[in-house]
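Okay, here's what each chain looks like letter by letter:
2 protein chains.
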Amino acid sequence: MGGDYGPPVTVPAALDALKRHPELKLALVGDESRLLAELKNHHAAPNDRLSIRHASQIVEMDDKPSFALRNKKDSSMRVAIELVKEGEAQAIVSAGNTGALMATARFVLKMLPGVDRPAIIAALPSKRGHTHMLDLGANVDVDSETLFQFAIMGSVLVSAVEDLSNPRVGLLNVGEEEIKGNDQVKQAGALLAECPSLNYIGFVEGNDIYLGDVDVVVCDGFVGNSVLKASEGIAKMIGQTLKDEFKRNWLTKLAALLAMPVLKGIGRRINPDKYNGASLVGLRGIVIKSHGGASRPAFLNAIEEAMREVEKDVPQRIKDQLEAILVSRV
Amino acid sequence: MGGDYGPPVTVPAALDALKRHPELKLALVGDESRLLAELKNHHAAPNDRLSIRHASQIVEMDDKPSFALRNKKDSSMRVAIELVKEGEAQAIVSAGNTGALMATARFVLKMLPGVDRPAIIAALPSKRGHTHMLDLGANVDVDSETLFQFAIMGSVLVSAVEDLSNPRVGLLNVGEEEIKGNDQVKQAGALLAECPSLNYIGFVEGNDIYLGDVDVVVCDGFVGNSVLKASEGIAKMIGQTLKDEFKRNWLTKLAALLAMPVLKGIGRRINPDKYNGASLVGLRGIVIKSHGGASRPAFLNAIEEAMREVEKDVPQRIKDQLEAILVSRV
Numbered sequence: 095m096g097g098d099y100g101p102p103v104t105v106p107a108a109l110d111a112l113k114r115h116p117e118l119k120l121a122l123v124g125d126e127s128r129l130l131a132e133l134k135n136h137h138a139a140p141n142d143r144l145s146i147r148h149a150s151q152i153v154e155m156d157d158k159p160s161f162a163l164r165n166k167k168d169s170s171m172r173v174a175i176e177l178v179k180e181g182e183a184q185a186i187v188s189a190g191n192t193g194a195l196m197a198t199a200r201f202v203l204k205m206l207p208g209v210d211r212p213a214i215i216a217a218l219p220s221k222r223g224h225t226h227m228l229d230l231g232a233n234v235d236v237d238s239e240t241l242f243q244f245a246i247m248g249s250v251l252v253s254a255v256e257d258l259s260n261p262r263v264g265l266l267n268v269g270e271e272e273i274k275g276n277d278q279v280k281q282a283g284a285l286l287a288e289c290p291s292l293n294y295i296g297f298v299e300g301n302d303i304y305l306g307d308v309d310v311v312v313c314d315g316f317v318g319n320s321v322l323k324a325s326e327g328i329a330k331m332i333g334q335t336l337k338d339e340f341k342r343n344w345l346t347k348l349a350a351l352l353a354m355p356v357l358k359g360i361g362r363r364i365n366p367d368k369y370n371g372a373s374l375v376g377l378r379g380i381v382i383k384s385h386g387g388a389s390r391p392a393f394l395n396a397i398e399e400a401m402r403e404v405e406k407d408v409p410q411r412i413k414d415q416l417e418a419i420l421v422s423r424v
Numbered sequence: 095m096g097g098d099y100g101p102p103v104t105v106p107a108a109l110d111a112l113k114r115h116p117e118l119k120l121a122l123v124g125d126e127s128r129l130l131a132e133l134k135n136h137h138a139a140p141n142d143r144l145s146i147r148h149a150s151q152i153v154e155m156d157d158k159p160s161f162a163l164r165n166k167k168d169s170s171m172r173v174a175i176e177l178v179k180e181g182e183a184q185a186i187v188s189a190g191n192t193g194a195l196m197a198t199a200r201f202v203l204k205m206l207p208g209v210d211r212p213a214i215i216a217a218l219p220s221k222r223g224h225t226h227m228l229d230l231g232a233n234v235d236v237d238s239e240t241l242f243q244f245a246i247m248g249s250v251l252v253s254a255v256e257d258l259s260n261p262r263v264g265l266l267n268v269g270e271e272e273i274k275g276n277d278q279v280k281q282a283g284a285l286l287a288e289c290p291s292l293n294y295i296g297f298v299e300g301n302d303i304y305l306g307d308v309d310v311v312v313c314d315g316f317v318g319n320s321v322l323k324a325s326e327g328i329a330k331m332i333g334q335t336l337k338d339e340f341k342r343n344w345l346t347k348l349a350a351l352l353a354m355p356v357l358k359g360i361g362r363r364i365n366p367d368k369y370n371g372a373s374l375v376g377l378r379g380i381v382i383k384s385h386g387g388a389s390r391p392a393f394l395n396a397i398e399e400a401m402r403e404v405e406k407d408v409p410q411r412i413k414d415q416l417e418a419i420l421v422s423r424v
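Residue numbers (the working numbering), protein chains in the order written: chain A, 95 to 424; chain B, 95 to 424.
The reader is advised that the hints may include incorrect statements.
Copies of one chain are not kept apart here, so a pair can be met inside one copy or by any two copies together.
As the list claims (entries may be wrong) - With a Cα cut of at most 30 angstroms, we get these calculated DSSO-like pairs of lysine-lysine:
#1 LYS204 / LYS330
#2 LYS221 / LYS347
#3 LYS158 / LYS274
#4 LYS221 / LYS358
#5 LYS119 / LYS358
#6 LYS347 / LYS280
#7 LYS167 / LYS179
#8 LYS274 / LYS167
#9 LYS368 / LYS337
#10 LYS179 / LYS158
#11 LYS204 / LYS167
#12 LYS330 / LYS358
#13 LYS330 / LYS280
#14 LYS221 / LYS341
#15 LYS406 / LYS368
#16 LYS274 / LYS368
To be clear, the hints were calculated from the coordinates, so they are not data collected in a lab.
Make a model of the complete structure from these sequences and hints.
Shown next as structure tokens:
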């Protein structure tokens with residue numbers, strides 16, 4: 095029910111996912127009549143791979159997390175997370191209120207042992223493929239131990255979903271020299287340098303995210319969220335400038351026609367839809383957050399991200415890796 | 095002498111500036127023989143508008159600020175800053191080591207009364223022109239009072255150099271709702287909301303930098319530096335992708351030829367050279383930091399930024415505005 099568009103986007107995306115993945119089963123959680131109507135719009139109905147679970151409430155995009163937690167116990171978000179808790183579902187995908195999703199998932203599913211705070215992780219495009227970054231906004235104040243845990247969780251997730259045996263982990267900082275940065279980042283760097291099971295490559299800077307020389311970039315949620323949104327902002331501005339310039343006169347319009355394959359090529363490589371589907375890591379269950387403004391193909395990507403994490407059992411891997419590191423530290 | 099290229103870039107850029115601005119006088123500070131040789135390469139020599147001030151040392155890009163301060167008292171950077179202190183120059187422009195420039199400028203010139211920390215401010219392109227952001231890396235840990243001072247300094251600088259009577263000031267945060275953000279940002283927001291002489295528009299997010307709805311974006315130096323470098327990184331990646339795609343085959347190469355005016359138009363609007371020249375604000379003097387990797391036209395822009403700030407007497411304006419606000423607060 096969540097996101098800027100609700101069922102008109104999430105329902106057809108769910109149908110696309112079922113079509114593409116014969117092994118997939120989905121439960122649509124929310125207002126039954128609206129979901130049935132939306133299925134009907136697409137000439138579909140519930141079947142053995144597509145069920146509907148009614149929920150009478152909706153968490154609004156501007157509900158405070160504490161309000162949602164207290165007063166929306168029959169919201170689509172809460173009911174869907176309960177399905178994961180009860181083992182009826184292996185993952186939840188939501189385009190709804192991020193703060194409420196985080197708070198509800200934390201309350202219902204609980205944290206993995208040894209994890210203090212959950213984090214939001216997602217992939218960003220890079221020159222050579224993509225780079226994962228965390229935290230993207232779950233925690234605005236973190237200490238060095240939390241950054242250390244983020245690094246482990248990010249490394250495990252990337253090694254699982256990307257089939258990378260030893261992902262390169264970098265700590266975002268304002269300079270590559272040891273002397274720079276704030277205290278929590280410097281201390282986290284020292285902790286990571288002492289952890290042999292992680293492929294820690296040291297400090298990285300904002301531009302490194304897009305160079306492809308690092309697989310996991312670790313930072314606090316304030317920095318990560320700002321970097322993510324600024325990156326989206328400048329990419330959009332460049333795209334808009336490109337469009338404006340191509341519309342300038344008949345010659346540039348002709349150039350635009352000829353340049354279509356080029357522009358499509360760029361679209362394929364830096365398509366924000368392709369990067370939709372952030373993970374809330376550190377929880378005892380798989381929770382995927384779709385962008386609120388996600389399109390149908392973008393929401394499909396979020397569903398597929400959930401499938402990858404289910405297949406690789408990411409929470410269990412994070413738990414195992416954390417235990418191994420905690421034991422080796424003692 | 096500083097930056098990635100030294101005199102081969104800074105000297106011809108200085109000559110360009112003198113040619114373009116008949117009212118300008120420049121002093122080149124550094125190794126006299128190297129500067130003379132570089133002038134000779136461009137068929138130039140010292141004259142009544144172009145002097146050379148010899149300095150025997152150079153601050154290296156990897157010198158620690160404290161080391162430079164203690165051991166490089168005859169460096170080009172230090173000597174140039176002393177010229178400003180002694181009133182022989184009205185501003186200094188450097189492409190050298192940022193940390194050393196900040197520390198030396200702070201030590202030699204001192205802070206303006208009422209300013210706790212200097213900040214780095216620069217313009218970034220936006221949909222409708224550009225947006226200034228501070229701090230871009232001088233301070234990795236700041237409290238709410240410091241953010242408040244940054245807001246005032248940014249507002250004064252932008253109103254002066256942009257001839258904007260009431261610049262819109264936003265505080266960078268992870269969400270626009272009052273509940274989000276860390277403590278120092280929330281407290282700074284409360285301080286700013288109570289300051290009638292500032293046009294404070296509330297919290298803004300990373301993408302707002304590029305939308306053109308805000309003139310001054312205030313944040314700590316860790317966030318600002320990360321956002322700036324990530325923005326540069328993704329813009330470069332998009333540019334590179336565009337080039338790669340245009341080179342793909344003969345049809346796309348033909349499209350590239352036709353699209354040249356379009357690509358040049360984008361270059362004009364989002365040209366990083368045009369945005370070279372960050373200011374160190376809060377000091378009793380004008381200090382402009384050029385990007386270390388600046389090209390000749392980019393370094394020329396940094397010199398022109400210094401000229402704008404001299405013309406508007408930015409440090410005096412910041413001092414006056416701060417005094418007025420401090421008095422109104424009592």
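Taking the hints in turn, this is what the structure says about them:
1. LYS204 / LYS330: neither (37 angstroms within a copy, 41 angstroms between copies)
2. LYS221 / LYS347: Both, since 29 angstroms and 21 angstroms are each at most 30 angstroms.
3. LYS158 / LYS274: Only across copies: LYS158 and LYS274 sit 10 angstroms apart there, 37 angstroms inside one copy, limit 30 angstroms.
4. LYS221 / LYS358: both (17 angstroms within a copy, 23 angstroms between copies)
5. LYS119 / LYS358: Result: close neither inside a copy nor across copies, 32 angstroms intra and 50 angstroms inter.
6. LYS347 / LYS280: neither (52 angstroms within a copy, 48 angstroms between copies)
7. LYS167 / LYS179: within (14 angstroms within a copy, 66 angstroms between copies)
8. LYS274 / LYS167: The answer is between: 23 angstroms across copies meets 30 angstroms, while 46 angstroms in one copy does not.
9. LYS368 / LYS337: both (21 angstroms within a copy, 21 angstroms between copies)
10. LYS179 / LYS158: within (23 angstroms within a copy, 53 angstroms between copies)
11. LYS204 / LYS167: Classified as within; 17 angstroms inside a copy, 58 angstroms across copies.
12. LYS330 / LYS358: Both: 15 angstroms inside a copy, 18 angstroms across copies.
13. LYS330 / LYS280: Answer is between; shortest inter-copy Cα gap is 28 angstroms, intra-copy 33 angstroms.
14. LYS221 / LYS341: Answer is both: 28 angstroms inside a copy and 16 angstroms across each meet the 30 angstroms cutoff.
15. LYS406 / LYS368: For LYS406 and LYS368, the Cα distance is within 30 angstroms only inside one copy (20 angstroms; across copies 48 angstroms).
16. LYS274 / LYS368: Classified as between; 28 angstroms across copies, 35 angstroms inside a copy.
When held up to the earlier numbered hints, the structure conflicts with 1, 5 and 6 and fits the remainder.
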